[in-house]
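Undergrad: Sequence:
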Amino acid sequence: MIEILAPTELPRAKEVGALVAEILQTLKSRSAVGTNLQDINRWAEAMIFEAGAQSCYVDYAPSFGRGPFGHYICTSVNDAVLHGKPYDYTLADGDLLSLDLAVSKGGVVADSAISFIVGDSKPPESVAMISATERALQAGIAAARPGARIGDISHAIGSTLHEAGYSINTKFGGHGIGSTMHQDPHIPNTGRPGRGYTLRPGLLLALEPWVMADTADLITDADGWTLRSATGCRTAHSEHTIAITNDGAEILTLPARQ
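All letters in the sequence shown, in the order written, are residues 562 to 819 by our numbering.
For the record, the hints were derived by calculation from the structure and aren't laboratory data. Predicted, not measured: the structure shown is a model, and the values here were computed from it. Certain hints may be false.
Unchecked claim - Under the rule of at most 25 Å between Cα atoms (straight-line distance), these lysine-lysine pairs were calculated in the DSS-like manner:
1. K666 with K575
2. K683 with K589
3. K589 with K575
Claimed, not checked - Ranges of calculated distance between the beta carbons of each label pair, as one might list FRET restraints:
4. T781 with Q599: 42 to 50 Å
5. G628 with A689: 35 to 43 Å
6. F610 with T731: 45 to 53 Å
7. D681 with A607: 36 to 44 Å
8. A791 with R753: 34 to 42 Å
Cβ coordinates follow ideal geometry from the N, Cα and C atoms, glycine included.
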């Protein structure tokens, strides 16, 4: 299913996008050395409920997971890159943490992810990897405009990641979004320009470049959800929800201070 929002629905999409951005930035500011991943999950739960919104994750049970996800946010540390289940782990100095959050409010969903390093240690390779996903995300957004194709976005993201020296897994990538979290079209993180669905105003997309330092292969953790790099290398993940407008693309999950 591909949904196209009417112009009157865009304010609701902006509202939920701003909420997701605010929660992620608050969680980032609280994620320090000694913070437990379960605390991050509890904080996310409280902020979602206080806003009168609903989690998209608690009851989420797709075919690739093991039963309902059962938590309010994905917390992926170091070699975990996607769908990281919060567990009893205390963050250490230099950990690379990715937070992925999807929330529904007013019948519209927004989805975003950020990666950052906890504490004072800033391993250069991790800093470079996070930067590459952020640059790829901006390249994908720049390619998103009415009349462009999904392949144009994929090509822009993939070119940036390849130039940075990373291999790309195409099983998990960006996606359409609207009244539900995951919709068509699928947006691989690399592809050929000029191919795929034609973008039009009112379409919401979640773009999410992610990479692993030295592999494109994933393994599934014992929890049935957390996806890790097959080699144990570090990973990074960046994501925004955007709306295709008459003039291009508007980022809905950009933090207010940006």
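Undergrad: Evaluate each hint against the coordinates.
TA: A quick look at each hint next to the structure:
no., hint, verdict
1, K666 with K575, "holds (10 Å)"
2, K683 with K589, "holds (15 Å)"
3, K589 with K575, "holds (21 Å)"
4, T781 with Q599: 42 to 50 Å, "violated (21 Å)"
5, G628 with A689: 35 to 43 Å, "holds (36 Å)"
6, F610 with T731: 45 to 53 Å, "violated (36 Å)"
7, D681 with A607: 36 to 44 Å, "violated (28 Å)"
8, A791 with R753: 34 to 42 Å, "violated (26 Å)"
The structure shown violates the earlier hints numbered 4, 6, 7 and 8.
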